[in-house]
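Following the hints, put chain B in place on chain A, whose structure we already have.
Residues per chain are reported as follows:
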Amino acid sequence: MTTQTGPETRITRKFAELKAEGRAGLVTFLTAGDPTPELSEEIILEIAAAGADLIEIGMPFSDPMADGPAIQASSLRALKAGMTLPKTLDIVRAFRKRDNDTPIVLMGYYNPIYIYGVDRFLADAKEAGVDGLIVVDLPPEEEGELCLPAIKAGINFIYLTAPTTDDARLPKVVRHASGFVYYVSITGITGTKSADAGDVAASVARIRRHTDLPVAVGFGIKTPDQAAAIARVSDAAVVGSALVGIIAENRDPSGLPLPDTKDKVLDLVKALAAGVRAARD
Amino acid sequence: MSKLNTYREGPDESGHFDIYGGRYVAETLMPLILQVQEAWEKAKNDAAFWDEFNRYMKHYVGRPSPLYLAERLTEEFGGAKVYFKRDELNHTGAHKINNTIGQILLARRMGKKRIIAETGAGQHGVATATVCALFGLPCVVYMGETDVARQRPNVVRMKMLGAEIVPVTAGTGTLKDAMNEALRDWVSNVEDTFYIIGTVAGPHPYPAMVRDFQCVIGNEVREQMMEMEGRLPDSCIAAIGGGSNAMGLFHPFLDDESVHLIGVEAAGHGIETGEHCASLNGGRPGVLHGNRTYLLQTEDGQILDGHSISAGLDYPGIGPEHSWLRDTGRVEYVSATDKEALAAFQMCTRKEGIIPALEPSHALAYVAKIAGGLPKDHLLVMNMCGRGDKDVDAVAGYLGMD
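Here the protein sequences come in this chain order: A and B. 231 is the number that numbering that gives the first Met the number 0 gives to position 232 of the first sequence; each next residue is one higher, with no gaps. 365 is the number that numbering that gives the first Met the number 0 gives to position 366 of the second sequence; each next residue is one higher, with no gaps.
Isolated chain A, as found in the complex (with noise of 0.2 Å):
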């Protein structure tokens, strides 16, 4: 097992305080600039008072090759209403000024940025309040390229560990997580398939013999009743198909959001949460 001593930030310090609170985390995704750089904002900005414990933030890919059609979908209507690297940050500082303890995570592809460069995006990341990093296609093999720079700079670089992650190596992906260690729970890509709450207890436990890092679990929870199974057995549940699918659904035949999908969005964010927080009533 492996003691982690990763950089402290607001995931750190939130994981501290829903063990001291006796329950397990909300961690929601939504891709920024979904389904316009506007809405999206203003979604985010009410998205931890809704009851998200945790928010990731997705990071616009034209080839998101580990997601599902849902996730797929998102990303183009972002990049096709505007979204770009520097604007995602943008909501990061937009929401800080308002909140500085929720802490925040961008997932995506190393593409982005790489051209952006890494050194100038880890900078600006730190400076608009992130506190982590999820990038899909960054497996240990390539940890130089960006999770060793990210440690230094002071961003926790989480990684994913999937059913196919045997015990063997296990301990090569945790060696340099920080903040937590994601689960993905099933075989295939975002949004598809569910997971068993019964076989995520046993992986979950199974990584908790490699590391002390909490362990959050995504990929195939969509429901209230999901997330609370989930929070049975981890530290955190991840919920994003579920909330990208309404944005996609509630859009007139031109595109445009309708005037209540955020209300929408928030709903089921509400509902999650409440779900999670009674899970270990």
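Derived from the structure by calculation, the hints contain no laboratory data. Zero decoy hints are in this set.
Not everything, but these chain B residues come out facing chain A in the computed CB check (under 10 Å):
1) A25
2) M29
3) L33
4) K175
5) L287
With a straight-line Cα cutoff of 27 Å, these simulated DSS-like cross-link-like pairs (lysine-lysine) come out:
6) B:K111 to A:K192
7) A:K221 to A:K269
8) A:K125 to A:K171
9) A:K151 to A:K171
10) A:K263 to A:K96
11) A:K263 to A:K192
12) B:K57 to B:K158
13) B:K112 to A:K192
14) B:K41 to A:K171
Quantities reported herein were computed from a predicted structural model and do not represent experimental measurements. Positions of the beta carbon are idealized from the N, C-alpha and C atoms, including for glycine.
Frame of chain A; chain B shown alone:
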């Protein structure tokens, strides 16, 4: 950049050719990639594996393919002696089968029960469907819906061979999206599935593995040229999309300084128009589909769609080893436009009675540009990497023929 003692030792253990290559894939795939690498390391050092490979090359694919002196074109150009490496005569009509035979033999060794592939022009899809029929394995081919429409003959062939074709509508419905979709399939079916990648790109070990299977092309040229002319060629020219036929031709000559190596990218409507597939001439380094390489992309690092008259060259990236060879200067990378390729297609058909695929027509277009200015004893080899049967309808359309 300073000259290296050898250009043939890459990649390093982690799959890099200097900064290019690597393994930029999601964790779900990483254990699989490592399994493929381990199996490949074993197979490539096993003489029995190569015996089996060579047996299929000879008796099933029909190798060695001829090295043919194109006399009428040589006369027409009035300079270099122009030889065609006739890989269009291979079973299934292109070089792609060299690689699919190699990879399916590896898949069988690994005990995999299901094969997936991506395809653009459909040549790799046909070559994969063919070896799946040969070995009795189910085959799923991902193909962008745009390409399904413009390469219909190959779609029919794949279906006849028993493959399931999945038209990809995600993104822009071309080769890059087909590759995304194949990777998603692989992530979702990790236990029993082997992904046969069609070119020298993707995560390590694919670029090196596909290269090693395609090196049969250059190795044969070397032997055949020694036999026919008593010396090595002076230049080798090949078309480049992902770059597998070019790498197969070039790699055995990388350390022969006297051999000038030229890769021809697809310039589409012209590089200056932005509508092209010339990653090396009009792109910059980035990370996509498991490797770092030159890519067509926006200022923000979003991947662009290429354009080429040839669906087989219509990919916004290129194999990482080509990126490295470009930066070292060992290989020269040029380009030819749609129009130039069409003209070369017609010239080859009329003068040599060989209907080339649109992909090697790009290489021939560049040969047509330079051959006349080269001395008569200059030995030039162009890889005729595919035949044009699949393209006749499209070309007839462009030419306004009934």
